[in-house]
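Q: So you can see what is in the structure, the chains are spelled out below.
There are 2 protein chains.
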Amino acid sequence: MTDRMPVSPGDLLGDGVFETMHLRPDGPWLLDAHLLRLARSAALLEMPAPVAARDRVTEAAVGTGAMRIIYTRSGLLHASVSAIPPAVLRERRDGIRVISAGLGVSAGRRPPWDISAAKSLSYASNFAARRWAARQGADDLIWLSTEGYALEAPTASVVWLTGDTLCTVPPSSAAILPGITAAHLLSVAPSVGLHAVERMVTLPELAAADAIWLASSVRGLAEVISLDGVSRARSPWTPRLLELLGF
Amino acid sequence: MTDRMPVSPGDLLGDGVFETMHLRPDGPWLLDAHLLRLARSAALLEMPAPVAARDRVTEAAVGTGAMRIIYTRSGLLHASVSAIPPAVLRERRDGIRVISAGLGVSAGRRPPWDISAAKSLSYASNFAARRWAARQGADDLIWLSTEGYALEAPTASVVWLTGDTLCTVPPSSAAILPGITAAHLLSVAPSVGLHAVERMVTLPELAAADAIWLASSVRGLAEVISLDGVSRARSPWTPRLLELLGF
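From first to last, the protein sequence lines stand for chains P and H. Per the numbering used here, residue 1 is the first one in the first sequence, and the count goes up by one each step. Per the numbering used here, residue 1001 is the first one in the second sequence, and the count goes up by one each step.
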């Protein structure tokens, strides 16, 4: 896809925010929530509100795929659509092998300028973490705090089911990005008879859950079919929850 | 300065490396060391070697100022020159008020995919840290590990003088970016009668030093004239070391 735009060198220093959405036939999925998070991310980086974001998205929303909107400190605001990579579709259908790894930070000890709650353009560490996971033979990884809490994946939220309770990690306690897909899933969980709870979870607690998923906008839900090398039975809830999310 | 280049949206995700050099009348200062670090940063991010980097720098090296070379995962390799901001010149001449702040990470507990030793384009946290310092009324800040060791500044290395020993933080032990200006300064220190040592330093040890500087390519040396609100006497070594570095 040739979708090139003129930028200044300063635009390339990861100093901005972005969102990725699932562009469906009826428009970008959960658009309002994504625009709200874009604005909150910008505020966390002390950037002006991205007032033209909805217009940019509307102009670019042609067809279906993965829609990304980027907003840099210089004021560049750009939306584009790309095809969903086959690997993403495969992981949604077949599940993923995940490993856990310490992030080296404490959930409660972030610096005062911490921008973990913003979806910033500084994604080199996220990509490096996923490359590392791939070298270990895994599809993705779950970051652990120094206290041993599961936090998030480099590009996804952690969701798990224990009995009839669907859980995710509380973003404010964990100092992680608030996941839009996970929050939406928990908000609609009662419609299929599940309770919804946000709580911190240790790795052993997570491993003991009935099912685990990584939730994100384009992949939707990818079921964790092995965690740290231990295979997990497929959950009958995976197709039901995917359907609930419109996948 | 209108120096715009066409990029793809993926180029804006901070997934690449860069260098900033002091472009002097006789060319980019310490060019070989900067090109070597660019290549090492690229290797840490598992990118191909930036083979055309020297050519790009040579083509762009017109006049004097701050020269930046950027290299992204898509293969974009771009060098440009901008004017040195007046604040940088002022800080080199008048010194800086610095505060210390915990980074929330352990020097010895970085994750296996850690890219702290690479000068990556993911600079949003560095900028956020400097904005936070400015809000506290400071010019810059020094990051501390959870163990209380001084690590580095968001865009500079820490250098200090105790007696006739000039010190900086060992990059490999501290898991920080290897500072080119600091390393060069220590390598030439014997020519002015100073010993040179790399060692870890706690904040109280640093505060007890005879002089402290932040070292970087364009600012050169900025003397720390106050640390955490405590004023420090100007060191007679500041002009001597600046001269030694050609400033």
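Rather than coming from a laboratory, the hints here were simulated on the basis of the structure. Do not rely on the hints blindly, as some may be mistaken.
Simulated restraints, written as ranges between beta carbons of each label pair [said to hold, decoys possible]:
(1) P:187 x H:1234: 52 to 62 Å
(2) H:1075 x P:164: 42 to 52 Å
(3) P:59 x H:1024: 29 to 39 Å
(4) P:108 x H:1064: 17 to 27 Å
(5) P:108 x H:1230: 20 to 30 Å
(6) P:6 x H:1230: 24 to 34 Å
(7) H:1135 x P:88: 51 to 61 Å
So these bits of chain P aren't anywhere near chain H, every CB distance computed over 10 Å [to be verified]:
(8) 56
(9) 137
(10) 199
(11) 211
(12) 231
Ideal Cβ placement from N, Cα and C applies to all residues, glycine included.
Q: Looking back at the numbered hints, which does the structure fail to meet, lowest number first?
A: Checked against the structure, the hints that fail are numbers 3, 4, 6 and 7, while the rest are satisfied.
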